[in-house]
Amino acid sequence: MNISEELKTRLKFISNCNITEDVYKKLLENTFATLAGKSETHSMSTLYNSKPDLLKQAHAILLQAGAEFARNNMNGDEVKAVLTEINFNQNRTKLFVDLYETNKDDVQVQLGNIGMHPPHIVDADWKIDYIVKASNLDQSEGPIFRISLVSSKYDECDNERKLERINFSCNSQELQDLVYKLKDAVRHCQRLTTE
Amino acid sequence: MEEVDNIIIDSLRNLSCNIDEDVQSLKQFTTEIVYSSMVFCLQAINPDIHFVHSLPQSMSLRLKNATTIAEHIKELGYRGDMGYQTILYCNEIEIRRVLMFLVERLPREVHKSTVSTELGYVPKLVKKIDESVRLNLEKPWVPSEFLKFGSRDCKKMVLKQDFGYGHNLQSEIIQIPDLQKQDCVESLKQYWVHYLPEVTKQCLKQNVVPSLLYRDSEFTDLAFSTKVENVETNSLVNNIEISNANLVKHNGTTVPELSIFEIEINKIRCAIEENKHKYEELQISYNNLDKQLAQITDERHKKEAALKESLTKIKTRSKTLAVLQNKENLIKLKNLVDNGNKRLVELANHWNDIQSPLLQEYQELQEQLKTRKSKIRDEEQKLQNLKDKKISLKKELSEKEKLEQQLATEYEKLNKNTNRSAYTRRILEIIANIKKQSEEIQKILIDTKIVQKDINSLNGQLDRSFTLSDELIFRDAKRDAMARSAYKLLATLHKDCGEVVQAVTTVGLVERESRNLQEQIDAELCKEVTSKLERLNNDIIEMKRENALLINKLTERTC
Numbered sequence: 001m002n003i004s005e006e007l008k009t010r011l012k013f014i015s016n017c018n019i020t021e022d023v024y025k026k027l028l029e030n031t032f033a034t035l036a037g038k039s040e041t042h043s044m045s046t047l048y049n050s051k052p053d054l055l056k057q058a059h060a061i062l063l064q065a066g067a068e069f070a071r072n073n074m075n076g077d078e079v080k081a082v083l084t085e086i087n088f089n090q091n092r093t094k095l096f097v098d099l100y101e102t103n104k105d106d107v108q109v110q111l112g113n114i115g116m117h118p119p120h121i122v123d124a125d126w127k128i129d130y131i132v133k134a135s136n137l138d139q140s141e142g143p144i145f146r147i148s149l150v151s152s153k154y155d156e157c158d159n160e161r162k163l164e165r166i167n168f169s170c171n172s173q174e175l176q177d178l179v180y181k182l183k184d185a186v187r188h189c190q191r192l193t194t195e
Numbered sequence: 196m197e198e199v200d201n202i203i204i205d206s207l208r209n210l211s212c213n214i215d216e217d218v219q220s221l222k223q224f225t226t227e228i229v230y231s232s233m234v235f236c237l238q239a240i241n242p243d244i245h246f247v248h249s250l251p252q253s254m255s256l257r258l259k260n261a262t263t264i265a266e267h268i269k270e271l272g273y274r275g276d277m278g279y280q281t282i283l284y285c286n287e288i289e290i291r292r293v294l295m296f297l298v299e300r301l302p303r304e305v306h307k308s309t310v311s312t313e314l315g316y317v318p319k320l321v322k323k324i325d326e327s328v329r330l331n332l333e334k335p336w337v338p339s340e341f342l343k344f345g346s347r348d349c350k351k352m353v354l355k356q357d358f359g360y361g362h363n364l365q366s367e368i369i370q371i372p373d374l375q376k377q378d379c380v381e382s383l384k385q386y387w388v389h390y391l392p393e394v395t396k397q398c399l400k401q402n403v404v405p406s407l408l409y410r411d412s413e414f415t416d417l418a419f420s421t422k423v424e425n426v427e428t429n430s431l432v433n434n435i436e437i438s439n440a441n442l443v444k445h446n447g448t449t450v451p452e453l454s455i456f457e458i459e460i461n462k463i464r465c466a467i468e469e470n471k472h473k474y475e476e477l478q479i480s481y482n483n484l485d486k487q488l489a490q491i492t493d494e495r496h497k498k499e500a501a502l503k504e505s506l507t508k509i510k511t512r513s514k515t516l517a518v519l520q521n522k523e524n525l526i527k528l529k530n531l532v533d534n535g536n537k538r539l540v541e542l543a544n545h546w547n548d549i550q551s552p553l554l555q556e557y558q559e560l561q562e563q564l565k566t567r568k569s570k571i572r573d574e575e576q577k578l579q580n581l582k583d584k585k586i587s588l589k590k591e592l593s594e595k596e597k598l599e600q601q602l603a604t605e606y607e608k609l610n611k612n613t614n615r616s617a618y619t620r621r622i623l624e625i626i627a628n629i630k631k632q633s634e635e636i637q638k639i640l641i642d643t644k645i646v647q648k649d650i651n652s653l654n655g656q657l658d659r660s661f662t663l664s665d666e667l668i669f670r671d672a673k674r675d676a677m678a679r680s681a682y683k684l685l686a687t688l689h690k691d692c693g694e695v696v697q698a699v700t701t702v703g704l705v706e707r708e709s710r711n712l713q714e715q716i717d718a719e720l721c722k723e724v725t726s727k728l729e730r731l732n733n734d735i736i737e738m739k740r741e742n743a744l745l746i747n748k749l750t751e752r753t754c
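So the protein sequences, as listed, match chains A and B.
Read in order, the letters of the first sequence are residues 1 to 195 in the numbering used here.
Read in order, the letters of the second sequence are residues 196 to 754 in the numbering used here.
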């Protein structure tokens, strides 16, 4: 378990600070909703009471802890061990572990979405053209394959998933080559699994 | 043969051939069972082979299937005689031989050793990659609109199938209130309380987690904070400035025929420069004078204070002198001083009396405190050690539990093959039997050897006694007619006896031969040729009928 000392001291602060159990619970729910990519269930300003700075800090620390635990793929028991080591009381530990276990997969999905990925092909359109004759061409060499790969890609400007078309045309030989390459890749994957 | 049959039937049952419980030996095998068991064995050896598990009804199909199976078995390397007749018109011995061969070729179940289950990080990762690739290949395609943020829940693991939601890793500077910090200004606290937005609102929604986890936009490292003193560049810049100035000067001298104004301007410039210098000098002198002034005023203040002090001193001195001029007063004062001194000594003594025990006590208490502190430290150390131990034990425990589960599942798998011990027991029994038999054979061999020896010695004795009697009678025969006839009789007797012995040995040979023949006859009888021939006849008739039917159909079609 490679949880940094810094995070541990920060968590210790939460275990010592005096916020009520109810506020703690709501704060946790908010935290995991944010981590799992959902909208927050409670309005933060209602939780503030007299100590907004404390709450702000606690919220940040809980967010960090939840993300860190999910990043290390720790199971509930391991999380529990870490929290008890930092002197969280039983009730708070249990609340944290329960919420963590129910939300772990979602959090990991969200974490998995961080990072650069090449566009992902989801569909393909095609058509076969045949140029019988053209102004600059007397004889054609055969059909031309117009292929449009539909790929899904994250759009940095609009902050959402968008479909992007990759268009190209090729002759039958090139297409054959492409198909062989793809088949080769599939075979390689299959060999990986059987060995 | 019973053991062999048991082994064959056991392994066939393991292959989930449905052999009835009451079948105990290969004698009870019907054509149906033989066929299906061979098919099961072949499929276990080579999963690419596909056959129907039961014999087809039609005679010609039966023949065809049986021939292909026979070919497959031959391909596997079976040396003996193998054809459709072995399967369809089976006899026990041949079937036993073929099935033994097939059972030997059955693939063994691969048992993973427990050592290989404790994997390191890299093999685990590779295994996980394999698993996810396998899942990706196995699972049917699903439109990415149905996926949850591009991921798919497959019970065991979450498969990432669409990376369209993957935004770049980008972190922003995030401010978090830090109440643990000791020295923070009140105004900063006020800022935290009233104006600082929450972490989630300080940056884009998708950047919250990266900013919290990495914070690479903050240079906390010391390497970044120390300023690099770039002396070299400074000097370089200075050099450049100087050379520039030179260049300007150069220009001025090389072009003397510039207008007079230029010269005028230069003159004025020089004057300005001079004035500037003068001004600066004046400024410096003014500053110096200012400083001097300040020093002088300082000195003055000091001297004034000293004057005041000395004045007060003089006052008190004059007063005391006035008092001391009276003698009584002097004596009184002396007494007072003496008394005061005595009292001081007394008090000091008293203080010592009180102080020493208290000091001792204080020291003792301090020592106690020290020992207690060291004890506490020890205890803390112990506690820490225990905690570490507990964590390691817990880890070990969970690992052991995992291992136990794995072993339990493996054990369950193993349990199916309980016949292993039975096999070994049987093998041991067989070995013991063979040992006994060989011992008996040895005994019999020794017996026969002894008998042979006896026979040989008797033969020798006989020969010797015959030659002796022959000589004796021959000597007498020259003189006596009776003896001559006796000699003749002896010769015929010897010849007859030889014939008798010859006859006995030939009888023995014939008997052995006849026994061999009898065995052969028995073996032939075992093959049940007549019944098989009958079956063969029936099958031929059946086939003929089928052929006739087919011909009929054909003719009908053509008509």
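For the record, the hints were derived by calculation from the structure and aren't laboratory data.
Everything numeric in this text was worked out from a predicted model, so none of it was measured.
Hints may contain errors.
As the list claims (entries may be wrong) - In silico EDC-like cross-links for lysine to aspartate or glutamate, where the CA-CA straight-line distance does not exceed 20 Å:
{"no.": "1", "chain 1": "A", "residue 1": "K38", "chain 2": "B", "residue 2": "D348"}
{"no.": "2", "chain 1": "A", "residue 1": "K25", "chain 2": "B", "residue 2": "E393"}
{"no.": "3", "chain 1": "B", "residue 1": "K343", "chain 2": "A", "residue 2": "D125"}
{"no.": "4", "chain 1": "B", "residue 1": "K376", "chain 2": "A", "residue 2": "D77"}
{"no.": "5", "chain 1": "A", "residue 1": "K80", "chain 2": "B", "residue 2": "E594"}
{"no.": "6", "chain 1": "B", "residue 1": "K597", "chain 2": "A", "residue 2": "E78"}
{"no.": "7", "chain 1": "B", "residue 1": "K396", "chain 2": "A", "residue 2": "E40"}
{"no.": "8", "chain 1": "B", "residue 1": "K683", "chain 2": "B", "residue 2": "E706"}
{"no.": "9", "chain 1": "B", "residue 1": "K584", "chain 2": "A", "residue 2": "E78"}
{"no.": "10", "chain 1": "B", "residue 1": "K590", "chain 2": "A", "residue 2": "D77"}
{"no.": "11", "chain 1": "B", "residue 1": "K323", "chain 2": "A", "residue 2": "D155"}
{"no.": "12", "chain 1": "A", "residue 1": "K153", "chain 2": "A", "residue 2": "D129"}
{"no.": "13", "chain 1": "B", "residue 1": "K577", "chain 2": "A", "residue 2": "D105"}
{"no.": "14", "chain 1": "B", "residue 1": "K319", "chain 2": "B", "residue 2": "E599"}
{"no.": "15", "chain 1": "B", "residue 1": "K400", "chain 2": "A", "residue 2": "D106"}
{"no.": "16", "chain 1": "B", "residue 1": "K589", "chain 2": "A", "residue 2": "E78"}
{"no.": "17", "chain 1": "B", "residue 1": "K582", "chain 2": "A", "residue 2": "D125"}
{"no.": "18", "chain 1": "B", "residue 1": "K722", "chain 2": "B", "residue 2": "E393"}
{"no.": "19", "chain 1": "A", "residue 1": "K80", "chain 2": "A", "residue 2": "D105"}
{"no.": "20", "chain 1": "A", "residue 1": "K80", "chain 2": "A", "residue 2": "D155"}
{"no.": "21", "chain 1": "A", "residue 1": "K26", "chain 2": "B", "residue 2": "E575"}
{"no.": "22", "chain 1": "A", "residue 1": "K26", "chain 2": "A", "residue 2": "E6"}
{"no.": "23", "chain 1": "A", "residue 1": "K8", "chain 2": "A", "residue 2": "E68"}
{"no.": "24", "chain 1": "A", "residue 1": "K51", "chain 2": "B", "residue 2": "E270"}
{"no.": "25", "chain 1": "A", "residue 1": "K26", "chain 2": "A", "residue 2": "D106"}
{"no.": "26", "chain 1": "A", "residue 1": "K8", "chain 2": "A", "residue 2": "E85"}
{"no.": "27", "chain 1": "B", "residue 1": "K722", "chain 2": "B", "residue 2": "D200"}
{"no.": "28", "chain 1": "A", "residue 1": "K12", "chain 2": "B", "residue 2": "E287"}
{"no.": "29", "chain 1": "B", "residue 1": "K343", "chain 2": "A", "residue 2": "E78"}
Violating hint indices (sorted, rising): Hint check: 3, 4, 8, 11, 12, 13, 17, 18, 20, 21, 22, 24, 28, 29 fail, others pass.
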